[in-house]
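Line order of the protein sequences matches chains P and B.
The first sequence lines up with residues 19 to 349 when you count with our numbering.
The second sequence lines up with residues 82 to 264 when you count with our numbering.
Calculated directly from the structure, the hints in this document are not laboratory data.
Don't take each hint at face value.
To be verified - With a Cα cut of at most 25 Å, we get these calculated BS3-like pairs of lysine-lysine: (1) B/173 to P/56; (2) B/115 to P/48; (3) B/115 to P/64; (4) P/57 to B/115; (5) P/57 to P/325; (6) P/325 to B/173; (7) B/115 to B/237.
To be verified - FRET-style restraints, in silico, Cβ to Cβ: (8) P/106 to B/178: 20 to 26 Å; (9) B/101 to P/173: 42 to 48 Å; (10) B/254 to P/98: 28 to 34 Å; (11) B/245 to P/116: 40 to 46 Å; (12) B/224 to P/63: 50 to 56 Å; (13) P/31 to B/118: 53 to 59 Å; (14) B/226 to P/307: 37 to 43 Å.
A virtual CB, placed ideally from N, CA and C, is assigned to each residue, including glycine.
Next come the chains, spelled out residue by residue.
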Amino acid sequence: MAFTQRHLLGLEGMSAEAITAILDTAASFKEISERDIKKVPTLRGKTVINLFYESSTRTRTSFEIAAKRLSADTINLSASASSVSKGETLADTARNLEAMRPDALVVRHPLSGACALVARHVTCPIVNAGDGCHEHPTQALLDCLTIREHRGQIAGLTVAVVGDLLHSRVGRSNVHALRALGATVRLVGPPTLLPPEFATMGCDVHTRLEDGVRDADVIMMLRIQRERLGGIFFPSLDEYSHYYCLTEDAVRLARPDVVILHPGPLNRGLEIASSVADGPYSLIMNQVTNGLAVRMAILYMLVARSKAAQLADAPALPAAEPVRGRSGGRA
Amino acid sequence: MEVTTPSGVRQVLDGPAIHRALVRIAHEILERNKTLENLAFVGVRSRGVHLAQRIRRALQEIDGGALVPFGVIDITLYRDDLDRGVQTPFVKGTEIPFALEGRRLVLVDDVLFTGRTVRAALDAIIDFGRPEFIQLAVLVDRGHRELPIRADYVGKNLPTSRAERVNVHLAEVDGVDEVVIET
Numbered sequence: 019m020a021f022t023q024r025h026l027l028g029l030e031g032m033s034a035e036a037i038t039a040i041l042d043t044a045a046s047f048k049e050i051s052e053r054d055i056k057k058v059p060t061l062r063g064k065t066v067i068n069l070f071y072e073s074s075t076r077t078r079t080s081f082e083i084a085a086k087r088l089s090a091d092t093i094n095l096s097a098s099a100s101s102v103s104k105g106e107t108l109a110d111t112a113r114n115l116e117a118m119r120p121d122a123l124v125v126r127h128p129l130s131g132a133c134a135l136v137a138r139h140v141t142c143p144i145v146n147a148g149d150g151c152h153e154h155p156t157q158a159l160l161d162c163l164t165i166r167e168h169r170g171q172i173a174g175l176t177v178a179v180v181g182d183l184l185h186s187r188v189g190r191s192n193v194h195a196l197r198a199l200g201a202t203v204r205l206v207g208p209p210t211l212l213p214p215e216f217a218t219m220g221c222d223v224h225t226r227l228e229d230g231v232r233d234a235d236v237i238m239m240l241r242i243q244r245e246r247l248g249g250i251f252f253p254s255l256d257e258y259s260h261y262y263c264l265t266e267d268a269v270r271l272a273r274p275d276v277v278i279l280h281p282g283p284l285n286r287g288l289e290i291a292s293s294v295a296d297g298p299y300s301l302i303m304n305q306v307t308n309g310l311a312v313r314m315a316i317l318y319m320l321v322a323r324s325k326a327a328q329l330a331d332a333p334a335l336p337a338a339e340p341v342r343g344r345s346g347g348r349a
Numbered sequence: 082m083e084v085t086t087p088s089g090v091r092q093v094l095d096g097p098a099i100h101r102a103l104v105r106i107a108h109e110i111l112e113r114n115k116t117l118e119n120l121a122f123v124g125v126r127s128r129g130v131h132l133a134q135r136i137r138r139a140l141q142e143i144d145g146g147a148l149v150p151f152g153v154i155d156i157t158l159y160r161d162d163l164d165r166g167v168q169t170p171f172v173k174g175t176e177i178p179f180a181l182e183g184r185r186l187v188l189v190d191d192v193l194f195t196g197r198t199v200r201a202a203l204d205a206i207i208d209f210g211r212p213e214f215i216q217l218a219v220l221v222d223r224g225h226r227e228l229p230i231r232a233d234y235v236g237k238n239l240p241t242s243r244a245e246r247v248n249v250h251l252a253e254v255d256g257v258d259e260v261v262i263e264t
């Protein structure tokens with residue numbers, strides 16, 4: 019049950035016990051959002067700042083509602099409407115925010131390792147809400163919670179993660195979490211977006227969608243980041259769609275009780291057919307609901323403790339090396 | 082009845098004594114409320130849950146009717162000492178599977194001490210709705226209240242010093258029924 023981390027920067031190296039503790043806590047928080055009065059006083063008097071250097075609707079809203087349901091005060095900062103547009107560095111912004119004594123900073127940034135950098139400059143807990151191509155830990159945790167809810171456990175399942183693995187922080191965080199929890203992970207995508215090095219993460223690598231999803235228990239689709247990739251990593255969106263779009267025919271190759279996940283936003287008809295996204299095996303809306311519970315759990319576990327205890331904790335996970343590939347990859 | 086072991090652990094209630102106390106509390110609940118209509122139990126995690134279950138079964142044996150509704154409350158998120166702890170306590174969740182509006186509620190916990198747990202439980206319950214009233218049943222009242230809170234039903238009043246620890250062990254979780262004082 020032990021969870022003594024000061025920050026949540028990523029899931030790489032996190033133990034199955036710690037991940038399970040987060041998932042169990044999140045499961046118990048779901049009930050709060052079903053109440054008439056959707057609020058508990060746990061983080062009353064605490065301040066959570068959402069510092070977002072990239073656009074986001076789902077994740078930012080989810081973190082804000084999570085903090086508010088725990089009675090924390092929330093402030094949302096976006097790069098375009100802050101001193102960043104006047105040239106302030108990330109470290110300076112972080113130090114200035116810390117001077118206002120927040121109790122947690124939730125950070126999203128287009129560069130891998132940005133959250134670890136912020137964590138070196140402040141003492142309050144940092145939650146990584148997505149940094150470049152590196153990690154998006156709360157997304158992977160909500161994916162794990164969603165899978166666990168439907169299958170009872172994650173150990174022993176075969177999970178196919180399909181799409182642009184190269185740029186996907188969602189994919190990376192999921193590989194760490196799913197492998198720690200005992201799943202077999204298959205990575206599926208075109209060779210340009212799935213270099214053979216990914217096999218060193220302990221995953222099976224497939225370049226044909228049909229091979230990757232055959233007999234899978236879970237298919238997790240990743241978003242194709244149209245704005246960055248068109249024409250560089252594959253000849254055309256149509257060609258990508260032809261080979262990798264998850265259609266009902268492809269779903270039929272998986273186990274009959276397969277479930278489908280997608281972190282959103284959906285590119286309907288590009289990586290996932292509408293009939294699949296809206297199909298009976300789709301858990302996409304459950305993911306959003308669970309995302310709220312996971313973020314409540316993370317804020318609770320990181321913030322609802324004494325400052326002394328936070329500072330005395332084991333240091334945060336070491337900052338990961340910037341991931342190969344270009345910056346700016348998004349979930 | 083009291084047995085002291087060399088380690089400074091003194092047993093103050095054994096299994097049969099706990100059973101008698103809970104059956105008496107069940108009788109008192111029926112006597113005070115006259116009817117089980119609209120009555121429901123809420124147990125405070127973790128041992129209050131098992132005590133509530135036992136009192137509820139005892140009530141059914143006395144009354145012969147159906148088991149009254151039963152819920153579980155986790156007060157962790159309502160504690161006033163969260164930011165004093167070294168590690169955040171694990172939250173196991175609240176389950177109240179009935180409407181609280183107008184309900185006559187009996188809150189059950191194992192030990193009444195400072196009263197802070199009961200304060201948290203009352204806040205938690207009221208976030209779910211407005212019961213007609215809330216009564217409090219505890220297996221042990223050990224004194225040293227820090228808030229103006231008292232129990233309606235007490236299994237045993239146990240004078241203690243502040244430094245002592247009172248531990249309730251129940252067969253459901255600990256494999257044995259007993260109340261011990263550790264000095």
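- Message: 28 to 34 Å was suggested as the range; check whether the CB atoms of residue 254 of chain B and residue 98 of chain P agree with it.
- Response: This hint is violated: roughly 54 Å between Cβ atoms.
- At the C-beta level, are residue 226 of chain B and residue 307 of chain P separated by a distance inside 37 to 43 Å? At 41 Å between Cβs, range holds.
- Message: Taking 20 to 26 Å as the stated bounds, is the beta-carbon spacing between residue 106 of chain P and residue 178 of chain B within them?
- Response: Because 52 Å falls outside the window, the suggested range is violated.
- Item | Cβ separation of residue 224 of chain B and residue 63 of chain P, checked against the hinted range 50 to 56 Å | 31 Å Cβ-Cβ, so the 50 to 56 Å window is violated.
- Message: So if I understand the rule, the pair passes when the alpha-carbon distance is 25 Å or less; does residue 115 of chain B with residue 48 of chain P pass?
- Response: 37 Å, violated
- Item | Given hint residue 173 of chain B paired with residue 325 of chain P - CA-CA distance at most 25 Å | Holds: residue 325 of chain P and residue 173 of chain B sit about 24 Å apart, inside 25 Å.
- Query: Taken at face value, is the distance from the CA of residue 325 of chain P to the CA of residue 57 of chain P at most 25 Å?
  - Reply: Holds, at about 24 Å.
- Task: Quickly compare the C-alpha distance for residue 57 of chain P and residue 115 of chain B to 25 Å and report which way the hint goes.
- Result: 35 Å, violated
- Query: Do the alpha carbons of residue 115 of chain B and residue 237 of chain B lie within 25 Å of each other, as the hint requires?
  - Reply: Since the Cα atoms of residue 115 of chain B and residue 237 of chain B sit roughly 23 Å apart, the hinted pair holds (cutoff 25 Å).
- Given hint residue 64 of chain P paired with residue 115 of chain B - CA-CA distance at most 25 Å: 46 Å, violated
- Item | Pair hint outcome, residue 173 of chain B versus residue 56 of chain P [Cα-Cα no greater than 25 Å] | With Cα atoms ~17 Å apart, residue 173 of chain B and residue 56 of chain P stay inside 25 Å; holds.
- Is the distance from the Cβ of residue 31 of chain P to the Cβ of residue 118 of chain B consistent with 53 to 59 Å? 57 Å, holds
Comparing the model with each earlier hint shows violations of hints 2, 3, 4, 8, 10 and 12; every other hint is respected.
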